[in-house]
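Protein chains: 4
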Amino acid sequence: MGAANQLKGFAVPLTPEGKSSIVPPPPWHYSSDCLAVEYWAEPAAVAALLPPGIVADPRAEGRCFFWFLDWQFTGENDELTDPARYQYREAFVLVDALYGDLRVAYCPYIFVDNDAALARGWAQGFPKRLGSVFQTRSFAAPSAAAAPLAPGSRFGASVAAHGERLATARIQLEEPVADPTTVINRPTTIRRYFPQLVAGKQHEPAVDELTLSLIDDPRIVDMWAGSAELAIPEVAGEDMHRIAPTRVGRGYRFSMSYSVTDLRILKDYRA
Amino acid sequence: MGAANQLKGFAVPLTPEGKSSIVPPPPWHYSSDCLAVEYWAEPAAVAALLPPGIVADPRAEGRCFFWFLDWQFTGENDELTDPARYQYREAFVLVDALYGDLRVAYCPYIFVDNDAALARGWAQGFPKRLGSVFQTRSFAAPSAAAAPLAPGSRFGASVAAHGERLATARIQLEEPVADPTTVINRPTTIRRYFPQLVAGKQHEPAVDELTLSLIDDPRIVDMWAGSAELAIPEVAGEDMHRIAPTRVGRGYRFSMSYSVTDLRILKDYRA
Amino acid sequence: MGAANQLKGFAVPLTPEGKSSIVPPPPWHYSSDCLAVEYWAEPAAVAALLPPGIVADPRAEGRCFFWFLDWQFTGENDELTDPARYQYREAFVLVDALYGDLRVAYCPYIFVDNDAALARGWAQGFPKRLGSVFQTRSFAAPSAAAAPLAPGSRFGASVAAHGERLATARIQLEEPVADPTTVINRPTTIRRYFPQLVAGKQHEPAVDELTLSLIDDPRIVDMWAGSAELAIPEVAGEDMHRIAPTRVGRGYRFSMSYSVTDLRILKDYRA
Amino acid sequence: MGAANQLKGFAVPLTPEGKSSIVPPPPWHYSSDCLAVEYWAEPAAVAALLPPGIVADPRAEGRCFFWFLDWQFTGENDELTDPARYQYREAFVLVDALYGDLRVAYCPYIFVDNDAALARGWAQGFPKRLGSVFQTRSFAAPSAAAAPLAPGSRFGASVAAHGERLATARIQLEEPVADPTTVINRPTTIRRYFPQLVAGKQHEPAVDELTLSLIDDPRIVDMWAGSAELAIPEVAGEDMHRIAPTRVGRGYRFSMSYSVTDLRILKDYRA
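Chains as they are written, first to last, in the working numbering: chain A, 1 to 271; chain B, 1 to 271; chain C, 1 to 271; chain D, 1 to 271.
Chain A extracted, bound-state conformation:
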């Protein structure tokens, strides 16, 4: 094991200096602008996505949130000054669920436009694929193009993969939200999964765990609420449309930050 220890990297590739690694080791620090739309999908379609040990939250009646995020990432070496490598955009769905008595959110679909983000996500359990993600930004210089945090401001967002539009949202701000925890208040559970390619064992994944995302110093600031629209169309080769909205609730725009240094394994499905 001696030589192995001399190769460095939290993830691949492992090299003598560790510079080429797809992502630096934790701590991972994040700050973002977020656009999230509350909506309801067919409860049976939501339940069908949940892994063992997680059940649909009957009181939620199929409630989901579709999120779009512009992220800035840094580790301990000023990674935020290398935005070509580490800045990224993300879109995901969170569905209301129960882990025992605990009200949780479960993430069945997530898309990012950056490979460092994909690698961190897989290490946590986020089932990330690549996508092209955009959201209207709020700029400081006054203009018809500025989208300030003010009543009447309109924001749009979208996610596409392999040239197919997977979701489109629009919100119009109405009023600030004094307490963001009235909106965002469930911890996130995910399924950490790494496949096995050895013939005859392809149904025995190398890693298959239910995990709980642990975040340090979470902050949500400048939350506004308003009216919202959301479309999740059916496209070839995808099944996310099965949790398309049957009803759309409120839209939210806010900023969020936290750090990641740890992960909780709730259940090892291979045990």
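Note that these hints are calculated values from the structure, not bench results.
As the structure is a computational prediction, the values presented were derived from the model and not from experiment.
Some clues are possibly wrong.
Repeated chains share a single entry, so a pair holds when one copy, or any two copies, can fit it.
With a cut-off of at most 25 Å between alpha-carbon atoms, the simulated BS3-like pairs for lysine-lysine come out as follows [to be verified]: (1) K201 to K267; (2) K201 to K8; (3) K8 to K19; (4) K201 to K19.
Take the given structure of chain A and dock chains B, C and D to it, following the hints.
Below, chains B, C and D alone, put in the same frame as chain A:
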């Protein structure tokens, strides 16, 4: 001409409804976050880039600014809510020059990551090519990843084209700038150029004009200054490195907005 | 004009050495693999796209071809060995039309994934926008993944812009086509158009011509025909779906090459 | 485990129908065009990249191959007709090494432009990151742009990541290679690695194995050899330049196909 008038679009493609046009007609409204680095290049290399009627500003001694911009665009139809189509990033150089007695900035190189921006730019005279542009952003939620507008915050920026890094900058904020016009104070001149492909006439461009960019309601807010680094390496197939820095001055981070509805033609080179 | 002549470049940016120009001067040499689907659209919708001087071909009854092309480009300096800059993919529609007695094809919509190709296209009159284009390729090494030129081989193709799928095609090869001119036999007409931004003159384009694409040494080889499918869905902000298929004909897969050194101006709409 | 089994997908995301999975289950069929350059690097730099159980091949004296590949992939559902999702480009280095007495090639660096390819690669042990990869293609229609398989034809290739050019190659064909196994003749070993994020266990990867890539029905056809150039420049944040060429050998252009249904685990480093 009747039928021609029924096809709509400020630019190609022209269609009966005009929806597919690469860009909507003016007014064009813009708001942005900007990172700009003042630097000095070899004065002869700067002078060699200037078109007829524009001369190097002898007092400038080769002074240039390298800009990186995250832009939001809108026209009159809420284009800012379609960020997948209209939000974009840009990088350009401005060199100090004189048009008669007027102190101007001339733009010899510019890169964007969006075709609507490229089309608007060509219509004005900006010699836009496609590139991949990034800058560190300032986020509201406090974090090591947030890059707030505060002393000590570090920002990076870069531009690449066809997989070659063309410029990389870093700045560290020191103090606010009370009056942005002490920094940004020259109107922009450009060369509006559209080629001719007819054999024997390929040296007689269809459009060849010196133009002055006209902007309405310009606003610069939240300007900070600090130390700066800038590299413009030599790469195959490019000549921007000829105005690489011989000396780097201050770095600036600010937000800027304006609208465009008009253009001034200073000179028609074909006349 | 002396100094002006010292700046080089067929198109922007003009520089002392001309290396940074978005595209080198002609001759432009091209070789490609092509997938084309013959189809019929609503004849009135086709006619509505034609510029003055071009009329619908009444015998064509709305016939169109939707093309997908993988292109290799070179000029006189081995540009084909810089594929990151010059290799590209393209998708376009050609609609049957008449210019006087001449049976022509007119190009109302075209998408490319490369800015050098966009610049050359605009110089000719092709109304190019950026898109993401893919087609199944035929590889020499035998495999279920090889898609050989043989009966039963299936090919797919698609084009997307700003994360919206604009067209998807599939063909299945049946038999070789002995004489490609029975399929591809109309010269291409296009509208060369460059806008005017000066206030009050925005409806007077700087360039507005009907042109005829001139090609040297055209070669079409290895043409196969087969069954075909084509979809052009309606998406937000686009109007290409107005010429969606009402009926789909044959699909074709072939290779094509030619050079471009000239352009014919059929009509100057500003005269 | 019952419910778990009802969620389908070889890799994430797991869904009731399995359509959204980043990659379909094996068999995986591949066909490609390849450009490979033989070169020698500093032997100590090569040895420093090898994992435990693999040692440098002393007779190889630092020999490596830098490969560029245009790939077409298919599974059992005509995935080759969805090139927007499954067609991709790749670049990697293989270094000569020994596993016991077996002459093998080890892959320390690899880049792809597609997430399905990244996911398959990680499952095998290829340390894939995202990059932008291009190679000159050989087209059937004769032209200065066609790059035929013939003496004197020139091909270029490049790989970039986050806007930094990581490698550039050029070859010029001289003669066919009758027996490709004189050139490509070592099985590929890789390190299958999946990290652990739980605090205190981040140096105990969840998966850490030495694997041997197993390929069915390998075919190499149309191999040509010629002169070659290769550059692997030093760029910020990367360490691949440590195995930059000290000497460049021959360049090769060929087509290759195989299928993947299995993987051999040579060693479990955690045991």
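Worksheet entry | Hint check, failures only | Violated: none.
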